[in-house]
Amino acid sequence: MNLLHLMWAFFVANALGYGGGPASIPLMQDQVVHGFHWVTNSQFANILALGNALPGPISTNVATYVGYLVAGWPGVLAALVATIVPSAAAFVGLRSLLARHSRSGLVRGMTELVQPVITVMMLLLTLQMSRTAIGGVGVWQFVGIGGLSLFAMIRWRLHPAFLILGAFAYGAFVMPLASG
Numbered sequence: 048m049n050l051l052h053l054m055w056a057f058f059v060a061n062a063l064g065y066g067g068g069p070a071s072i073p074l075m076q077d078q079v080v081h082g083f084h085w086v087t088n089s090q091f092a093n094i095l096a097l098g099n100a101l102p103g104p105i106s107t108n109v110a111t112y113v114g115y116l117v118a119g120w121p122g123v124l125a126a127l128v129a130t131i132v133p134s135a136a137a138f139v140g141l142r143s144l145l146a147r148h149s150r151s152g153l154v155r156g157m158t159e160l161v162q163p164v165i166t167v168m169m170l171l172l173t174l175q176m177s178r179t180a181i182g183g184v185g186v187w188q189f190v191g192i193g194g195l196s197l198f199a200m201i202r203w204r205l206h207p208a209f210l211i212l213g214a215f216a217y218g219a220f221v222m223p224l225a226s227g
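Quick note on numbering: this note's numbering labels position 93 of the sequence shown as 140, and the sequence is numbered without any gaps.
It is worth saying that the hints were derived from the structure and are not from the lab.
It should be emphasised that the depicted structure is a prediction, and the values quoted were computed from it without experimental measurement.
We put the beta carbon where it would ideally sit given N, CA and C, even for glycine.
Hints may be right or wrong, so weigh each one.
Stated by the list, open to error - Derived Cβ-Cβ restraints for the label pairs, each shown as a range:
| # | residue 1 | residue 2 | range |
| --- | --- | --- | --- |
| 1 | 166 | 142 | 22 to 28 Å |
| 2 | 84 | 200 | 31 to 37 Å |
| 3 | 150 | 96 | 18 to 24 Å |
| 4 | 87 | 197 | 35 to 41 Å |
Just need the whole structure built from these sequences, with the hints factored in.
So, in structure tokens, the structure goes:
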């Protein structure tokens, strides 16, 4: 039954996650943490951080990790199929239709009006992950790392991957020294 639940959880998250991986992350989090209780919010935050650090699409990285956690290698396969097939089928099926009607007010209206919903979902996920991070590293380190990351992205246009690697290094080498 876990394989069917895995497929359902990732199918729902990716079929409804209009806009790609980042838009499907809050839906995945809802399914994985609140729907099926496979991991906690804190564990999901760690999975998301790892998924961001690895090459490839974030949604497939998260699906792979959770699938393995829940059901081993068969879980990986089930989660990946449920993550990849909806997008691929929609792309193949709707590509010519959307290209034909791309200037239509109806199509533009649909795509523009779904963006605020995705924004709110991402903000809610950010708030939940922020609470988890503050609980783990404390307010001052959270504000310092977040502020430095924002400054580096805006001022120096530093790619987020380098910031993630820097945060991993900080967590691996500086955090143990501070707590030990």
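Here is how each hint holds up against the structure:
1. 166 with 142: 22 to 28 Å: holds, 25 Å
2. 84 with 200: 31 to 37 Å: holds, 34 Å
3. 150 with 96: 18 to 24 Å: Check failed, 40 Å falls outside 18 to 24 Å.
4. 87 with 197: 35 to 41 Å: violated, 27 Å
Of the numbered hints listed earlier, those contradicted by the structure are 3 and 4.
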